[in-house]
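Visitor: Residue numbers (the numbering used here), protein chains in the order written: chain Y, 88 to 479; chain C, 7 to 498; chain B, -4 to 355.
A hint or two may mislead.
Unchecked claim - Under 10 Å between C-beta atoms, here's a sample of chain Y residues computed to sit facing chain C:
1) C105
2) A107
3) A123
4) T125
5) D139
6) A143
7) P167
8) V236
9) R238
10) E443
No wet-lab data here; the hints were simulated from the structure.
Cβ coordinates follow ideal geometry from the N, Cα and C atoms, glycine included.
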Amino acid sequence: MTDSLGLLGVDQAELDSCVACGLCLPHCPTYRVTGADTHSPRGRIALMRVVDEGIAPLSDEIVESFDSCIQCRACETACPGDVPFGHLLEATKEFVETTQRRAPWWLKLGLRGLTRPRLLRFVSSSLAVAQRLRLVPSRRMGIPERLPVRRRALRPTGDDVWLFTGCVMDAWQRDVHLATKEVVEATGTTVRPTGDAAPCCGALHTHAGLGDDARKLAARVISALDGDNAILVNSAGCGAALKDYGRLLDSDEARAFSERVLDVHEWLADRIDQIEMPDAQARTGGRVAIQDPCHVRHVQGTHMAVRRVLEPFVSELVELDDEGMCCGAGGAFSLVQRQLALDVRDRKTAAIDRAEADVVVSANPGCSMHLAAAGHAVRHPVELIAEALRSR
Amino acid sequence: MRLGRRNRQGGARHDRTDRCVADLVGALGPERVRADGAARHLASADASMFSDGTAGPVCFPDSTEHVQAVMRVAASHDRAVLPRGAGSGLSGGAAPLGDPIVVSTTRMNRVLEVDAEDRVAWVQPGVVNLDLSRQVAPLGLHFAPDPSSQQVCTIGGNVANNSGGPHCLAYGVTSAHVLAVEVVLSSGEAVVLGGLDAEPSGYDLRGAFVGSEGMFGIATKIAVRLTPDPESIKTLLLSFDSVADAAATVGAVIASGLVPAAVEMMDQRCVAAVEDFVQAGYPREAAAVLLIEVDGLSRGVEADTRKVAEIGRAHGGNVRVAADEEERALLWKGRKSAFGAIARVAPDYYLHDTVVPRSKLVEVLKAVYEIVDRHDLVAVNVFHAGDGNLHPLLAYDSRQPGANERVAAAGQEILEVSLAVGGVLSGEHGIGVEKRDFMEFQFTAADLEQQALLRRSFDPHCRLNPGKVLPSAHSCADVASLSASRPDGVWG
Amino acid sequence: MITPPVIDDEALLAFAAEIGPRDPVVVRGGGTQWDVGGAPNGDVREVRAPSGIVEYRPDEMTVCVRAGTTVAELHAALAENGQRTALPDGSGLPDGSGLPDGSGWPDGSGWPDGSGLPDGSGLPDGSGRPDGSGLPDGSGPCGSSPSTVGGAIAVGRSPVTRLGDGHLRDAVLQLHYVAADGRLVTAGGPTVKNVSGFDMCRILVGSLGTLGCIGDVILRTRPIPEHEQWAKLDDIEPQIVLNTVKTATAVLWDGSAVWARLAGHQVDVEDDLARLPDAPETPPPELPPFRWSRRPKDLYRLGEETGRFVAEIGVGVVHCERPDPDPPPIPAGVAALNRRVRDLFDPDRRFNPGRSVERT
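Using the sequences and the accompanying hints, generate a full structural model.
Guide: Listed below in structure tokens is the structure:
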């Protein structure tokens, strides 16, 4: 799969496929806010070459260039040469992590926690209680302002499809899972939540360069979800990660697994006519602005499905005018690169304000928490659909 | 002409650089100056393959005052200064020679004022071309110059290169759309060239500045003309079995008295690469396709569309008219992504740019194919056929032994063919370092001396972007030393 | 290695030889704008540029013409192929002369009765002029203006149709000029698109002959529209005309009435006219002799000081009966640049001494 490895250990052909035309620059959220070539996809690839060919050591500035990437992969959508930037950066981050071990201790600790669902829920509920007692500065910590203390139960109704529940999303946004289940069941399909057997997709580990941890998690998820049933995912980041297991593990089993993974909107779009439509009054009110999570738009390419599914259930759907620019959340990015994440979010906030929307929908927990922290009313698309269905 | 991936030399930095950096930091603040290897390495190249020097400290000014401060520090340290926009240029214009202080305009990216009544906008140089058009779209206006890189290139860069684009066939190049420019001269003084009144008095210094490739001053504010959107636009895709038929169609369309908004041509190999990316329904089997756009008022556009279609069919072409805005946008996305899409053909490209009389298109294209075949290269052609602006794109793999030399040789032969039929060196990419040494093919010693006079009128000490455009014999004396004493590398 | 094209036009070489490397000299064209920038010193040697069309390439939409050719003669030749240039030939104006009314010229010297004109061959004595039949609006003989191509470019002022046809300077592709040292120089290039080297043509256009003596020029031509006409509108705001008449290539306003020149497809002009209230086809007003330069938006705020005026809406030129009492100032930095340009191109000030681009 890889030809002539350089020092960096990334695929040489992938690295060479960039001709430095620069068409990616305006689509890169970090280049947009800093204007620095070190914060652009073209620049990061040029610096990968520098390290790969041994021209310069892995300096602090070079690592900062890689670490400043949100991994939104908008550059891939923009690239006429199909440079697989995401793969290149993931491999680069893994190289940096294995040679220099730069990831902060608290990040690694946190990521390890994601794989232990009971602990995660316990810590989350404790945080929620602490929040009620005003013991934690939620905003500064970058966590939602009102975490749930208790979660409603998510029970299986059958085995037609899996609903991937994940880690943080299950602990913090269980209601989105319930709404997803409700909407999927409205098509006459039974749902089995994946639960603690497949605790975490490993996306954040991959992004942090913790490749071994990510591959272990992938293997664990694959073995937990055997069979042929479709695996529906309502978190953009998790969906993108599960769909990439084939490449990550490079095995037939993993590739077959990835084939079964579907973004929930993608799945619903083909079955929308099986749902009894609400009449006009029952549609969810107000102007609803669509914020495309990058891993929906740029990685999975399922953003049009979101529109198709949502459109019949809301009164007014509006587009943001920023061409799907990243909101700055980027999983753990908003914790690790706080200032950059906020600067990028400012652009998104301005776009949302220009759209004069009452509510923003976003199909990714990271984005919705990041945007909610800026004071926006953010919902998951399936929540609005479920509400419309309930008021039929 | 020198081709090579990127500069890769190592070495130690000098003390003088450290003092200069300290002064820059003192003037701009630490957050606006980068002197580390990573930042300097990335500022050492643009989108071309030309790279001979290494960037010195990279500055990120926010304002005219910042740029003036950089210029004064540069003067006190006797350092050259190189302005840089998005780095999407193709002639090495923003690739440093020597080790100049680099002034990146990317943070000067605000649209300062839009005057819808007079159809003028004052913008900072780092505003992205397409962003400006998007911002004024609700007013029914746009910025007419639309280089293929318009989604990334900056207005400041457009001014430096007098950029063109497909639609300059009808609307004119950047110079026709710039009313005034605030420029920081090498002395640090800021002056406004041109003006918003109808006939500013004095020499047309504005016109002289546009296209001066960063050698006359640094634009810090630009007053651009905004063009009303046409009421109606039709885009036709015409496909042909031979390049000659396509070229003959171009000639016939122009001769018919039509001035289409754009007339673009792509050959078969280019169509294939582009279609792989956009899937716009470009016909892969055609030897050549034309993208012709007509605009204006509805009934006139209908008439023009029929006329173009008739002429195309009379030359054996298949004609498709884009049905809606979406189809039109997709066709143009394909055209404007052509250069990047070439990565699908080979890992490196050299994008040429010459202009020939329209009537010589077929003859020159034949010669181009012959030249590249002889040098064992692959040529992809995608260009502004309406004004004879050829862009042969030589796709190659720089890791193959001798590939760079073959590309350089073929490039020079294409230039010679273009000049021999009455063409010019560059239609829109500029001279930069790429064609500097070929200037003597097109201009006499007297011509070049006059150009040098114009440059010295603006920059007596040749501090700005030294070593570009003019061959060394006609440039400032210090330029000869630029390549003689290669500066130390960025990874000190 | 290939070399630049050799200039072998005998007329051009003779022109260069006549100008030579020293002594004050001025090139006289038709003399129609002789006062612009101040008259040259009295004892300066006068030279005429060669005339005649060198090469016309209708298919390339370019024409190479010697500077001494009258614009009227050039346009008559181009009209045979349905083309013209953005240079002023006066054909769009009521008397077809390109001149206001002849009366009231600032200095009145030698003008426009032709009395002050040298006998110079190739100069408009009226004989051998085109009959103007090929002209778009067919109004009157265009041949009555002696204005030359070189003169029009040296002065750099566009005709009233600049709104639609673009600035004159953008039509100039290449110039051959004689530099102060007597050498022939090529500025620009022969193709419709060209960024090879610095844009020398721009600094020559409007330089009033102070930087170099223009010998010949390659101009971009444009197709003459299918239909052209003037329409007069009363009781309408000029900016409304500017914004609604899409085919307008000129919108003139004298403070009460508006004259629009409509040009393009017959059907489009018809559509435009249908949108307007009563707009009879009426020739535009005569232009008063003095030019003021304003921002387009400031045209609506002109006061009593203009006297009778005709304003070019959307462009900003105002034709007035008096000189501009309050012209836009020239900042010190720009004035210094202007001086440096002239000092470097003509250190001895031998070209057009006494004349200045800053005194227009």
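Visitor: Return the status of the interface hint for D139 (chain Y): holds when the least beta-carbon distance to chain C is below 10 Å, violated otherwise.
Guide: Violated, because the Cβ-Cβ distance from D139 (chain Y) to chain C comes to roughly 12 Å (cut-off 10 Å).
Visitor: Take the shortest C-beta to C-beta distance between C105 (chain Y) and chain C; is it under 10 Å?
Guide: 7 Å, holds
Visitor: Please check whether A143 (chain Y) passes as an interface residue: C-beta within 10 Å of a C-beta belonging to chain C.
Guide: This interface hint holds because 4 Å falls under the 10 Å limit.
Visitor: Taking the least C-beta to C-beta distance, is A107 (chain Y) closer than 10 Å to chain C?
Guide: 6 Å, holds
Visitor: Is the interface hint satisfied for V236 (chain Y)? The criterion is a beta-carbon contact with chain C at less than 10 Å.
Guide: 42 Å, violated
Visitor: Would the hint on P167 (chain Y) be counted as holding, given a Cβ-Cβ threshold of 10 Å to chain C?
Guide: 3 Å, holds
Visitor: Given a cut of 10 Å on the nearest C-beta pair, is the interface hint for T125 (chain Y) held or broken against chain C?
Guide: 5 Å, holds
Visitor: Does A123 (chain Y) meet its interface restraint, that is, does its C-beta lie within less than 10 Å of any C-beta in chain C?
Guide: Because about 7 Å separates A123 (chain Y) from the closest Cβ in chain C, which is inside the 10 Å limit, the hint holds.
Visitor: Holds or violated: the hint that E443 (chain Y) contacts chain C, with Cβ atoms closer than 10 Å.
Guide: Hint on E443 (chain Y): violated, closest Cβ of chain C at ~14 Å, above 10 Å.
Visitor: Once the shortest beta carbon distance from R238 (chain Y) to chain C is found, is it less than 10 Å?
Guide: 44 Å, violated
Going through the hint list in order, the structure does not satisfy hints 5, 8, 9 and 10.
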